[in-house]
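Order-wise, the sequence lines are chains A and B.
Under this note's numbering, the residues of the first sequence are numbered 82 to 284, in order.
Under this note's numbering, the residues of the second sequence are numbered 2 to 82, in order.
Possibly wrong hints are sitting among the right ones.
Claimed, not checked - Quick list of in silico lysine-lysine cross-link-like pairs, DSS-like style, CA-CA up to 27 Å: (1) Lys61(B) / Lys146(A); (2) Lys208(A) / Lys243(A); (3) Lys37(B) / Lys224(A); (4) Lys151(A) / Lys79(B); (5) Lys61(B) / Lys151(A); (6) Lys37(B) / Lys251(A); (7) Lys61(B) / Lys145(A); (8) Lys21(B) / Lys151(A); (9) Lys109(A) / Lys8(B); (10) Lys11(B) / Lys109(A); (11) Lys79(B) / Lys109(A); (12) Lys67(B) / Lys248(A); (13) Lys109(A) / Lys37(B); (14) Lys168(A) / Lys208(A); (15) Lys109(A) / Lys82(B).
Don't read these hints as lab results, they were simulated from the structure.
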Amino acid sequence: MGFIGNDIIALNDPANRRSFSDERYLRKVLTCKEYSLLKKNPKCYYLPYMFWTCKESAYKVAMKKGYSEKFIPQFFEVLSFHSHQLKSVSVITGQLIFENEKIFFRAEIFPGFISTIACSEDILPGKITTGIGLTDDVDHSEKNREYLIASLSLEYKIAPQKIEVLKSDKGIPFIVMPGIKIPTDISFSHDGIFFSFAYINNQ
Amino acid sequence: MEEIRSKVIKILDKYIFEKKIWDNIPEDFSLIGDLKINSARIVDIVIDIEETFDIEIDNKTLQNLKTINDIVATITAKQRK
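Excised from the complex, chain B in its bound form:
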């Protein structure tokens, strides 16, 4: 889980303009609310996650991905299949 989390954070960091945002972030941060990532970049992030973890994220799954924990849980579940 930790390895997945750090790989996801590395992906997210590519889309963070102001790196200071990481200094004061909650444990289970949200992409839009806490990281201020816009919806156009969210799609880029999904594509990066799909490539990195060799999984596919459909629209229904995407709808439930709000926080880092949601993403890590989804990747973990998809990799088990």
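Next up, chain A with everything else stripped away, as it sits in the complex:
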């Protein structure tokens, strides 16, 4: 079974816009290869945001595989990717490298945000379930858990009251139902008004 990580980023958030248009910021978070790719594609406004979400998602995967250091964006490098259009959403799939290990990703570019998942194994169609929501609540986590539980409840045919989301000492979320760990890996993210969850579908 593979591990999953996800990340969502608000494209119109003023702080994000300021950061991702700042050369010093980009130099800090991107590798030389990523930076040069960005410079070669100046019209690709979403590239720096996408790189960031790939790195964050991959970091969550690395944590689950035992990495326990702080997140350093430049330690994760997007190796290759290709894009295709799915209705009004651009879908970009590719690979990153971290400590000589490949991590796979799929990023979806929406008008207001980018939602990305990374996985230690190749992302096959139907293998991963994702959900995206919006909320004005300061505490996104409550709503995010609620949505995830509703989705799992439908998929695994388990009453939502029996599904609980807990966190390990390292802050890694996992699912339990009356003392039994459901064999699925989950991940949460939020930014601005957006929140998202993802899990590996083992059914």
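Model the placement of chain B on the given structure of chain A, informed by the hints.
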């Protein structure tokens, strides 16, 4: 040390959405755990610290910056060099 600490706190405060968080903060607070600052803003903070104190923080150093005391100690050490 106190002067550095207060300058760093001033930088951090720019990235704190809910100012109430300062009311109940441990002496050696962490940026992510206690201040709830996300990783995208951590990079902004590092850039601000570099500019304010005219120092450079590389990835290896960055990896060890978890609390306010870590930051103050790093700035102090770099300024001595």
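Going down the list of hints, with the structure as the test:
1. Lys61(B) / Lys146(A): holds, 21 Å
2. Lys208(A) / Lys243(A): holds, 23 Å
3. Lys37(B) / Lys224(A): holds, 18 Å
4. Lys151(A) / Lys79(B): Given that 27 Å is the threshold and the Cα spacing comes to 21 Å, the pair holds.
5. Lys61(B) / Lys151(A): holds, 10 Å
6. Lys37(B) / Lys251(A): holds, 15 Å
7. Lys61(B) / Lys145(A): holds, 21 Å
8. Lys21(B) / Lys151(A): holds, 26 Å
9. Lys109(A) / Lys8(B): Holds. Lys109(A) to Lys8(B) sits at ~22 Å (cutoff 27 Å).
10. Lys11(B) / Lys109(A): holds, 22 Å
11. Lys79(B) / Lys109(A): Within the cut-off at roughly 19 Å; holds.
12. Lys67(B) / Lys248(A): holds, 21 Å
13. Lys109(A) / Lys37(B): holds, 21 Å
14. Lys168(A) / Lys208(A): holds, 21 Å
15. Lys109(A) / Lys82(B): holds, 22 Å
In terms of the numbered hints stated before, the structure departs from none.
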